[in-house]
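Enquirer: Take a look at the letters that make up each chain.
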Amino acid sequence: MTTPLTIPPVPMIADRRHDGRAPRVDTTERLKSGNREADYILGGGFPANSINIVMGHPGSGKTIFAEQLIFDNAGDDRPILYFTTLSEPLAKVVRYLQGFDFFDETKLGTQVIFEDVGAELAKNGPDALIPLLRQAITTLSPKVIVIDSFKAVHDLATSVAGRRRMVYEMTALLTAYGTTAFLLGEYTEEDILLYPEFAVADGIVEMSRRRLGNRDERYFRVYKLRGSRYLEGAHAFRITGAGLDIYPRLVSPRIPEGYEPANERISTGVVGLDAMLDGGVWRGTTTLLAGPSGAGKTTIGLQFALEGARQGEPSLYMNFQENPSQLIRTIRNLGADPDEAQAQGLDLVYASPVELQIDSIIVDMFRRIQQGRVRRLVIDALGDLASAATDPQRLHDYLYALVQHFAVSGITSVLNFETVGNTIAGNGMQNAMSYLSDNVLLLTVDGAERTRRALRVLKTRGSAHDTRVREVEISATGVAVLG
Amino acid sequence: MAHDDGGKAVILIAERDRSVRELQLFFLNNAGFAVEFADDGQGALDRARLDPPLLLITEILIPKIDGLTLCRLVRGDANLAGMPVIVFSILAAAARANDAGAAAFLRKPLVESTFLAAINGAMMTIPNAKRSLVGAR
Chain Z
0 MTTPLTIPPV
10 PMIADRRHDG
20 RAPRVDTTER
30 LKSGNREADY
40 ILGGGFPANS
50 INIVMGHPGS
60 GKTIFAEQLI
70 FDNAGDDRPI
80 LYFTTLSEPL
90 AKVVRYLQGF
100 DFFDETKLGT
110 QVIFEDVGAE
120 LAKNGPDALI
130 PLLRQAITTL
140 SPKVIVIDSF
150 KAVHDLATSV
160 AGRRRMVYEM
170 TALLTAYGTT
180 AFLLGEYTEE
190 DILLYPEFAV
200 ADGIVEMSRR
210 RLGNRDERYF
220 RVYKLRGSRY
230 LEGAHAFRIT
240 GAGLDIYPRL
250 VSPRIPEGYE
260 PANERISTGV
270 VGLDAMLDGG
280 VWRGTTTLLA
290 GPSGAGKTTI
300 GLQFALEGAR
310 QGEPSLYMNF
320 QENPSQLIRT
330 IRNLGADPDE
340 AQAQGLDLVY
350 ASPVELQIDS
360 IIVDMFRRIQ
370 QGRVRRLVID
380 ALGDLASAAT
390 DPQRLHDYLY
400 ALVQHFAVSG
410 ITSVLNFETV
420 GNTIAGNGMQ
430 NAMSYLSDNV
440 LLLTVDGAER
450 TRRALRVLKT
460 RGSAHDTRVR
470 EVEISATGVA
480 VLG
Chain Y
0 MAHDDGGKAV
10 ILIAERDRSV
20 RELQLFFLNN
30 AGFAVEFADD
40 GQGALDRARL
50 DPPLLLITEI
60 LIPKIDGLTL
70 CRLVRGDANL
80 AGMPVIVFSI
90 LAAAARANDA
100 GAAAFLRKPL
110 VESTFLAAIN
120 GAMMTIPNAK
130 RSLVGAR
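So the sequence lines, in the order shown, correspond to chains Z and Y. Residue numbers for the first sequence follow numbering that gives the first Met the number 0, so the first one is 0 and each next one is one higher. Residue numbers for the second sequence follow numbering that gives the first Met the number 0, so the first one is 0 and each next one is one higher.
With the rest of the complex left out, here is chain Z (with noise of 0.2 Å):
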């Protein structure tokens, strides 16, 4: 039996319980941080009434985080506080806030108020902060308040007893008054050891960047979450006219309960491919389609994803060589026409792994495989998509999950990788994807005069298999197993 197409809008968070229960439904109500990534990886959004550290180095985006959450929950009953202190000057934020897609300037000054405490707190201390907080609580009744940057009220303080009195009587403050509050601060990771308003906090978030050759890669990661599961680690984002767009690491999926494998076999759309697999890949397996470049690779992958838009099934073709226009061509040289296959539900998607990170590529593809309903699937090449990955060990993670989604939603998939010579033997992403994979197939290219090129089924999982070399040719009509 196939399972129904299930794959949420997002990648979805690892269930850690292995003990086959449901995990348990949580009830706490919750403040949404207006971006629906965010909210995603936090179990749902911030709980409400908590207080919550978001936390980075200046230009890490923790700003536009709240501006995107203040403007997202401004609207209703209780107004927005927006309190700036001593790290950037009130004209500034909102000036450029106003570039961005969220803002909504008739907001301004009745549900969203921006107000400069700055001079206050320059003048009489930090100890001036809760009287400030206290007026506001009882003359505004903020559903929310954000402190940008508390870490720079903080540091006015000259004494650590002073530091502490005044963490202790603002978070008794905001503990008793029902508000969801927001602490920004340019702190460091060593700072959470350091400062005590880490150890009052209910939530804390970190926004970093780092440099990778000539671009730079920003990450969300979430450190705390009283009462709350969310989603661990680092998650990529960009900052964007629209806020943050945060790609959620890609984690395995919970088995759901009745998962059985498909028991049906799909053609490869190869003559003469499928008798060498019996009939063809079972449906929702993973083939990995080995072999040196020139070896067709390319070629058997379309013919994959053009039968499956012959036969009515939507896919999805990401590749990140060649453009869609040169994919065209090819396929046009293949004696199919484009646009009748892509009429037919194929998706052609060209990505370039130079400029994007592997999360974004990844969340880009499940975007697509659930609006689309995709039903097979071609990844050309895995190679690229391990150089849009800093991390060997997040490109490992990422490949396993990517796999176990692709079986628990019964995508067929087919993920090409350019081996050098002719062997797929050796260390690294190879040997990890030949047993993550129900089949491996291994092209080869020979000859000296003649260019030959031959098909191996090095392994097919659940199936009997042709185990013979078999040589393969390309004409017009593509990629053809010969005898």
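Hints are not guaranteed to be accurate.
Unchecked claim - In silico DMTMM-like links for lysine to aspartate or glutamate, alpha-carbon gap of 25 Å or less: (1) Z:142 to Y:16; (2) Y:7 to Y:21; (3) Y:107 to Y:35; (4) Z:106 to Y:111; (5) Y:107 to Z:75; (6) Z:31 to Y:111; (7) Y:107 to Z:28.
No wet-lab data here; the hints were simulated from the structure.
Fit chain Y to the supplied structure of chain Z, relying on the hints for placement.
Expert: What follows is chain Y alone, placed relative to chain Z:
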């Protein structure tokens, strides 16, 4: 029914958290009530018996007599029969508060609108209190 020197109806609150007290005092004064605080359940009971306030607001987690027991004792005292009790607690104990005879249960933290709405609702149960409610506002 107890009134302060200015003729305002008195609300008695059994609460130990200083920040909660500050906010309760501010919002209730602002709404036209006088407020007295007790540090524990026994003190609140003694004070109520001395001169019954308009209503009693109690946290559950208070010393000597907990808030739910206090509520039951008040409900069992014929002289305090007309005084509603609101349980306002950090604990999720709506059902237990109801069983103890509370007129309303509110979970902390304090939100002015729901806090005052609960008080207004409880006052509606007091005979002839509607006028003092309007007057108090």
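Enquirer: Please go over all the hints and tell whether each is borne out by the structure.
Expert: Verification of the supplied hints:
no. : hint           : result
1   : Z:142 to Y:16  : holds (21 Å)
2   : Y:7 to Y:21    : holds (19 Å)
3   : Y:107 to Y:35  : holds (19 Å)
4   : Z:106 to Y:111 : holds (22 Å)
5   : Y:107 to Z:75  : holds (21 Å)
6   : Z:31 to Y:111  : holds (22 Å)
7   : Y:107 to Z:28  : holds (13 Å)
The structure agrees with every numbered hint stated previously.
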